[in-house]
Amino acid sequence: MTAPVPVVTIRGLDFAYNGSPILRNVNLEIAARDSLCIVGPNGGGKTTLLKLILGLLQPTRGEIRVLGERPEKASLRVGYVPQYAHYDPLFPVTVLDVVLMGRLDRLAIGPYTRQDREAARAALAEMGLADLERRLFAEISGGQRQRTLIARALAASGELLLLDEPTANIDAAAEEHLFEVLKKLNQRLTVMLVTHDVGFASKFFKSIACVNREVVIHPTSELTGELIRNMYGGDIRMIRHDHRCAEGGHCSHGLP
Amino acid sequence: MDFLNALADPAIPFLRYALLTGIVASLAFGIIGTYVVARRITYIAGAISHCVLAGIGAGLYCQKALGIDWFGPLTGAIVTALIAALIIGLVSLHANQREDTVIGALWSIGMATGLLFIAKTPGYVEPMSYLFGNILLISQADLWLVLALDTVVAGTALLFYHQLLAVCFDEEYARLRGIRTDLFYLLLLCLTALTVVLLVRVVGIVMVIALLTLPAAVAGSFARGLWQMMVLATLCSMLFISSGLAVSYSYDLPSGPTIIVVAGLAYLLVLAGKRLLHRRTGQPKGIA
Chain A
3 MTAPVPVVTI
13 RGLDFAYNGS
23 PILRNVNLEI
33 AARDSLCIVG
43 PNGGGKTTLL
53 KLILGLLQPT
63 RGEIRVLGER
73 PEKASLRVGY
83 VPQYAHYDPL
93 FPVTVLDVVL
103 MGRLDRLAIG
113 PYTRQDREAA
123 RAALAEMGLA
133 DLERRLFAEI
143 SGGQRQRTLI
153 ARALAASGEL
163 LLLDEPTANI
173 DAAAEEHLFE
183 VLKKLNQRLT
193 VMLVTHDVGF
203 ASKFFKSIAC
213 VNREVVIHPT
223 SELTGELIRN
233 MYGGDIRMIR
243 HDHRCAEGGH
253 CSHGLP
Chain B
56 MDFLNALADP
66 AIPFLRYALL
76 TGIVASLAFG
86 IIGTYVVARR
96 ITYIAGAISH
106 CVLAGIGAGL
116 YCQKALGIDW
126 FGPLTGAIVT
136 ALIAALIIGL
146 VSLHANQRED
156 TVIGALWSIG
166 MATGLLFIAK
176 TPGYVEPMSY
186 LFGNILLISQ
196 ADLWLVLALD
206 TVVAGTALLF
216 YHQLLAVCFD
226 EEYARLRGIR
236 TDLFYLLLLC
246 LTALTVVLLV
256 RVVGIVMVIA
266 LLTLPAAVAG
276 SFARGLWQMM
286 VLATLCSMLF
296 ISSGLAVSYS
306 YDLPSGPTII
316 VVAGLAYLLV
326 LAGKRLLHRR
336 TGQPKGIA
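Sequence lines, in order, name chains A and B. Take 3 as the starting number for the first sequence in this note's numbering and just add one per residue. Take 56 as the starting number for the second sequence in this note's numbering and just add one per residue.
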């Protein structure tokens, strides 16, 4: 039996923008159905790493393989979930039309097929948004918009789900809901997520990639104050704000 | 009533042509106006419309000074509008910055070139009707051309509705789904250019932006999605043009400015109405 193809393989990757290095000597391997959280300070290269994997940016040096192919070729098999806050808040588009965009690669001309519509509706139902399909994307809540974008990625039936800062601008309850959704999806998909919220990272992910110029992977259990200090480069003041408390006080795997 | 009688009067066919043109062309105005408002590229439409004067001037000059009969003002307008759209599109796709400078430059260079051509064209040319429009000058032959342009614009926009929607709403994601977003963006700008040529015929260069965006803005206040906004914007545009024509005929006013004032008043009324409703119910309705 041959070993399964890793979902993402990065070897000796450098990326520089206008001559200034953003990422240096990145080596990364993500296995199928892994869940990886990318954390690090702003400007550390988290989003750059994501865009390299999507094929939106080209590495200066080194190699990336996504699902065994070059990123640009693999992008149709990747479900990408951008930050919902990037969208024009007044754009007149319905929830169903947003989700249908996940099927754009199957569309030649004219309207979508019945099959595409069914796939979009199934994805909406899976995200618990079935009765919102005719609502405007602009008028639903932040958490619902986030799940609409995940539904769009699911409608595209990708094998790897990439999320960019999904916890930004949503409230604690919506974040909790998102976490449940991802946990379920992780049973059949590989999940990669960029966040600056380390508390969120520790709750769900099997491994954590700390990105600050260089990329270091840790199992979640190693996430300690020492590690975070290294990652952010220097002493930082930490405030605990766990969303849930166990009966015996704060979660045991929280920060010390 | 006078207006309806006049429409039926065989002695003044130009009024029927004007009304028919307005109603037919409203389809393109509504569809493209919706994309322009949703994608927020009104200023690009403005630049294209002012560039059209260069084409009109060149066409007049070619016909009257050089004797090139086939290159008239309308051909000139179509060619320049498409060139302006492609220049602005390529700049915004590849240069990232200073897009507004290029747009501003094209805007005034287009006008200046047009006025220079007109100044050097033998015989007296009245630039006013190009700047402020005169729908009553439309002939039967023009009506066929308007119909053809309208069919091209509306047909293309509807066939690629979902691609254009995706490129306007989320360009990066559309690209990841394998859509040639650069080509579709240029296509949208070219369709906008052809629509602008139609609009110049109806309300003139200076007021193009108003008739392109006001119906879509009114429609945006009620529409539940882009598709509905297009239908409503088309209906609004038909209503504004026909009632504007009726008012201008009844009170002997120039047609272009009357149509724009009617559209502007309707827009202000809708805004005021929404504010009142909003205050009473506390619930925002629709968008834009």
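Hints were generated in silico from the structure; no laboratory data involved. Hints should not be assumed to be uniformly reliable.
Computed from the model, here is a short list of chain A residues facing chain B with C-beta under 10 angstroms [what the hints assert, rightly or not]:
1) VAL7
2) VAL80
3) TYR89
4) LEU102
5) ILE111
A few chain B positions that, by computed beta-carbon distances, are all more than 12 angstroms from chain A [as the list claims (entries may be wrong)]:
6) ILE67
7) VAL79
8) ARG94
9) THR176
10) PRO177
11) LEU191
12) TRP199
13) LEU204
14) LEU214
15) VAL222
16) ASP225
17) GLY275
18) MET285
19) GLY319
Heads up, the beta-carbon is just placed ideally off N, CA and C, and yes, glycines get one too.
Results of checking the hints against the structure:
1. Look at VAL7 of chain A: its Cβ only gets to about 21 angstroms from chain B, farther than 10 angstroms, so that hint breaks.
2. Taking 10 angstroms as the C-beta cut-off, the interface hint given for VAL80 of chain A holds, the closest approach to chain B being about 7 angstroms.
3. Restraint check, TYR89 of chain A versus chain B: the minimum CB separation of about 7 angstroms is within 10 angstroms; hint holds.
4. Interface restraint check for LEU102 of chain A: the shortest CB-CB distance to chain B comes to about 7 angstroms, inside 10 angstroms, so the restraint holds.
5. Checking ILE111 of chain A against chain B: minimum C-beta separation of about 5 angstroms stays under 10 angstroms; hint holds.
6. Distance to chain A confirms ILE67 of chain B as a non-interface residue, since its nearest Cβ pair spans about 40 angstroms, more than 12 angstroms.
7. The beta carbon of VAL79 of chain B sits about 23 angstroms from the closest Cβ of chain A, which is more than 12 angstroms, so the claim that it is off the interface holds.
8. At the 12 angstroms boundary, the C-beta of ARG94 of chain B falls inside the reach of chain A, the nearest C-beta of that chain being 9 angstroms off.
9. Under the 12 angstroms C-beta cut-off, the non-interface status given to THR176 of chain B relative to chain A holds; the minimum distance is some 44 angstroms.
10. No beta-carbon of chain A is positioned within 12 angstroms of the beta-carbon of PRO177 of chain B; the least distance is around 48 angstroms.
11. Distance check for LEU191 of chain B against chain A: the nearest CB is about 35 angstroms away, which clears 12 angstroms, and the non-interface claim stands.
12. Even its closest Cβ contact with chain A, about 27 angstroms, leaves TRP199 of chain B beyond 12 angstroms, as expected for a residue assigned away from the interface.
13. Non-interface call for LEU204 of chain B relative to chain A: holds, since the shortest CB-CB distance, roughly 21 angstroms, exceeds 12 angstroms.
14. LEU214 of chain B, annotated as away from the interface, has a beta carbon of chain A within 12 angstroms; the closest lies near 5 angstroms.
15. The Cβ of VAL222 of chain B sits about 10 angstroms from the closest Cβ of chain A, inside the 12 angstroms cut-off, so the non-interface label is violated.
16. Separation of ASP225 of chain B from chain A is inadequate, the least Cβ-Cβ distance of about 7 angstroms not exceeding the 12 angstroms criterion.
17. Not every CB of chain A lies more than 12 angstroms from the CB of GLY275 of chain B, the least distance being 6 angstroms, so the non-interface label is violated.
18. Consistency note on MET285 of chain B: stated as away from chain A, yet its beta-carbon is not over 12 angstroms from all of that chain's, at 10 angstroms minimum.
19. A cut-off of 12 angstroms between C-beta atoms confirms that GLY319 of chain B is not in contact with chain A; the least separation is 20 angstroms.
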